[in-house]
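So the protein lines, in turn, are chains A and B. Sequential numbering of the first sequence, starting at 1, is according to my numbering. Sequential numbering of the second sequence, starting at 1001, is according to my numbering.
It is worth saying that the hints were derived from the structure and are not from the lab. Among these hints, one or two may not hold up.
No farther apart than 27 Å at their CA atoms in a straight line, the calculated lysine-lysine pairs in the BS3-like style are these [as the list claims (entries may be wrong)]:
hint	chain 1	residue 1	chain 2	residue 2
1	B	K1016	A	K44
2	A	K57	B	K1003
3	A	K57	B	K1070
4	A	K44	A	K57
5	B	K1073	A	K9
None of these values were measured; they are calculated from a predicted model.
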Amino acid sequence: NAGVTQTPKFRILKIGQSMTLQCTQDMNHNYMYWYRQDPGMGLKLIYYSVGAGITDKGEVPNGYNVSRSTTEDFPLRLELAAPSQTSVYFCASTLYQTGPYGYTFGSGTRLTVV
Amino acid sequence: AQKITQTQPGMFVQEKEAVTLDCTYDTSDQSYGLFWYKQPSSGEMIFLIYQGSYDEQNATEGRYSLNFQKARKSANLVISASQLGDSAMYFCAMREVTNTGNQFYFGTGTSLTVIP
């Protein structure tokens, strides 16, 4: 039972480079989310998806793009990386958006932009 | 205004003692959900406990209980009989219904250290 799998776990990027953070879940959850966690801070929502083919912006979407071609996969694309994007990125999913259903989180991707 | 406020950046508790982690929230919605998550040093986020805004009884999950005071808009986490493995960051979160769907808001966290 893998849950939510994120790759890579660590990455160093140079300013201006691009990369894709991968997120896969095997729980058949419709709802998926990308968050970033800056040092000493809580999580901020970047993008979310309520199902395959449907995505929407969260609180801090600038500099990022997402796609959701399947229920399982929700990759996050960083274009033209900037030092301000240095953060820990979490992917999460949930079966329902109501009731006592918390998110299942991936283990995170620690990204450093230099 | 902050949606979720956690005013204790760091807390210490003696092993086997109880500890309360504070959380206040801000919403004008009638229907919302409150959550607590644990983040150990390994980095993963672990769901601990949930309280719905219409739930009249405080939620409990094993050694975790949520002290829900709706009028005060507070949702404090109580950990009873602290264990060394409880040392971690703890995040309070609120799920709010918006016109574009549900939104989750997280606090800045409280770092709990359990002292042997």
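To see whether the hints hold, each was checked on the structure:
This hinted pair does not check out: B:K1016 and A:K44 have alpha carbons roughly 34 Å apart, beyond 27 Å. Pair hint A:K57 plus B:K1003 holds up; C-alpha atoms about 18 Å apart against a cutoff of 27 Å. A threshold of 27 Å between alpha carbons decides the hint, and for A:K57 with B:K1070 the separation of about 30 Å lies outside it, so the pair is violated. Distance hint between A:K44 and A:K57 is fulfilled; the C-alpha atoms sit about 12 Å from each other, no more than 27 Å.
Pair hint B:K1073 plus A:K9 does not hold up; C-alpha atoms about 37 Å apart against a cutoff of 27 Å.
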